[in-house]
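Keeping the supplied structure of chain A fixed, place chain B upon it in accordance with the hints.
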Amino acid sequence: MSAPLLSIKSVSKKFGAVVALEEVSLDVGAGEFFALLGPSGCGKTTLMRCIAGFESPDAGTIALSGVDLSGVPPNRRPVNMMFQSYALFPHLNVFENIAFGLRRQGETRDAIDARVNELLAMTQLSVFGHRRIAELSGGQKQRVALARALAPRPKMLLLDEPLGALDRKLREETQFQLKEIQRRTQTSFVIVTHDQDEALALADRIAVMRAGRVEQVAGPMEIYDRPATRFVAGFVGETNFIEGRLDRNGAAALITEFGRIPCEPGNLPDGAQATLSVRPERIGVARDGEGIVGFVEDFVFRGETTLLRVRVASNIVLRAAASHGERHAIGDSVRLSFPPGAGALLAEER
Amino acid sequence: MSAVVSWARRATLLIGFVFLYAPIVILAVMSFNASRLVSVWGGFSTKWYAALLENEQLLHSAKISLAAALTSATISTLLGLLAAISLTRFGRFRTRFLFFGAVHAPLVLPEVVLGLALLTCFVAFGVGRGFITLVIGHVTLTMCFTTVAILAALRDSDPALEEAAMDLGATPFGAFVRVALPQIAPAIVTAYLLAFTLSLDDLVIASFATGPGATTLPMRIYSQVRLGVSPQINAISTLLLALVAVALGLAALVSSSRARRDGQVVTSLARAPDNAS
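Just so you know, the protein sequences line up as chains A and B, in that order. Just so we're aligned, residue 5 is where the first sequence starts under the numbering used here, counting upward by one. Just so we're aligned, residue 22 is where the second sequence starts under the numbering used here, counting upward by one.
For reference, chain B alone in the conformation it holds in the complex:
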């Protein structure tokens, strides 16, 4: 009876994983396929990865994507931090509700609409589309996520800590940097990595916001797939996947190390006899 149950459990788990990850695994495996045909296994080979290094177009797009992700994640983390500070530390200013809504709106706004709005805006102002407009578009897309992540952490940090720092002689800015910032540092790292991955794999906003000369990697992949799947695409997709996985893994590591640190505290507190009272 229990054996049956445990087998059923394992099977369910397996089916779930297959459903979620089989396409990705096949993609990664096929990137090592010596054969040109997706449907035929021609033996193990890394020649498509080697070929990638020769493919100027793809490499150029990869550079554009990385540069855009790094730049936009930096800007949107900074803006998110500022937005979160104003929402938590400046009391109930008059336009707070409006600001709160405006900051969160892109969370639920359809990406296509946001992209179209950006395009219309750039055209209306006569801004030539290229790398800068791409970064602007990605900051618009990701800032709501960074704000939400940092806002939650800042809400949890006790404002009395900053007051105590000021009371002990720190300037308001110094108090924030020395006391509040260390409390929310993990959230800032998480926000940055989140913005980075969102920007890296965005296709919709990029299609609207960017221009000739600044084609991102997802755009390049998408346009090439329409002409037929090349194993090179599998290879670059696998690399992209690995990059995102590393970023997400780092984010998880940051939050779990924090959790572990707090956990250790609890256990060591339980071990140490209280010789104070």
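If we strip away everything but chain A, and leave its shape as in the complex, we get:
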């Protein structure tokens, strides 16, 4: 990225004694689909409200296209927000809701008509222009909110849990629509979500947040395969944490209670306490041969895979996903194995 569209530099924000944001720095490029992911209370919504201008940071700067936004009120920022509650105006119809931003910009009547009709078509709402907001379904409201926020052609669109209020089936459908609209409009989207699947599915890059701090910023694949911290590994997807001591003599390996596990050491020093995060689906299950010896304690059929809980030591249970067709019974002795690059080695926290 040459010049980022949005540049956040060491932004901090406190509400009384509660730290909402602590030294957050982020860059979002033009046309990028960016996700702020984290559990509730991690500060992601506060960060979004700081970008929109509804909160002002205690310290740090937020700049859009190189222009510092501090002191610029929400109505002067070329950034629009799609609210979690949609916040549609109940006294205006669908058309007037979408036209609201354009009317504030003082556009001509023809330009407003053309733009609103374009957005109605894009969000498949053309026949609903004269409907009242209360006459719409949840999915329709969501699309009106999206169209309304996009209408004034913002440089950046902020979406606060945009799919949170939809049911599961509709959510999946809407994910594709969102992505397509983002591609077509070439607008930067910043989405706030606590749903890791949503972030992984939608975003070009994801910032995982925890307790007001950014833990990792990376693409979805890297977040999933190469989590930077134990929190990221645990929050995004399912994983096993294997604790041990790193031995870098010869082929690097983690010395654990149930044996030497080959792994990629990264830049951790020899003898360091470390945690290896391995996704269940990266662990191969075999009846014999090389590998970690364990006993099947329990299994859950998940359709595509069967998740096994395998006891490898008296106090350690690993989860492994056996592919479809493999059959295991409780009490079976199995061998677990995975290549050294399959896991991510993390410095021991705490």
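What the hints contain is simulated information worked out from the structure, not anything from laboratory work. In this text, all values refer to a predicted model and were calculated from it rather than measured experimentally. There's no promise every hint is true.
Selected chain A positions facing chain B (in silico; Cβ < 10 Å) [what the hints assert, rightly or not]:
#1 Gly-57
#2 Pro-78
#3 Leu-92
#4 Arg-313
#5 Arg-315
The beta carbon of each residue, even a glycine, is placed where N, CA and C say it ideally should be.
Okay, now just chain B, sitting in the frame of chain A:
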């Protein structure tokens, strides 16, 4: 058995209505009585209404009352709106609790005490009592009611709506006018009508706050009744009653039209198949 129950129900209802409205009905009927005596029916006549138009004193008082009600209701609705905005939109400012209590106090304050306090205040500041002090007194009396009515509506309106309007380029003032105000408009109308009727039929505060030359209609009626009930008083009271009934009816209409609109929405939503998902 069921017939007995239904008759008993009807009788109860009738007794209730008689208890509540018989005096008012008799008052209204007697205003059309041709006879001067309240106890004797002398045939139907509108002569007392005609006589009213000749009665300069009563007409003057009626004008004073109407002018005071219109002015004080306007002022107290505006002040109530401002008070409600500050209580809902300005966060937890330091004197918020004190302000909240001060605004609501006249709700429970005995009217006589409020009236006496106003009188003492006017005398202490050397303000000559007349129409202006009357309006001030009525604003003091009615502002708590308008604040409560508007406050409830403003609390129900989602602040995210105003944020959304600002996000889309409206100034904070513009966002309030274009988005919040339409949401609370029915409450503002109700508050105005409430303040109007309260001011129109107030006797206690007016007796303390007003001065010579600005005698209100209730005061005039009260003073004349002490000299004996004239059918003219019945006539003016009936007119007053009609005015209050119209105001209250309007208030009910405003709130029920809103309810009906929301109700329609529900039914039309039930009818329209959801072809979105």
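Hints and how they fare:
Because the smallest distance between the Cβ of Gly-57(A) and any Cβ of chain B comes to about 8 Å, under 10 Å, the interface hint for this residue holds. Among the interface hints, the one on Pro-78(A) holds; its C-beta lies about 5 Å from the nearest C-beta in chain B, closer than the 10 Å criterion. Interface hint status for Leu-92(A): upheld, as the beta-carbon distance to the closest one in chain B is roughly 8 Å, under 10 Å. A least Cβ separation of about 38 Å between Arg-313(A) and chain B goes past the 10 Å threshold, and the interface hint is therefore violated.
For Arg-315(A), the interface hint is violated, the least distance from its beta-carbon to any beta-carbon of chain B being 45 Å, above 10 Å.
Hint check: violations occur at hints 4 and 5; the rest are consistent with the structure.
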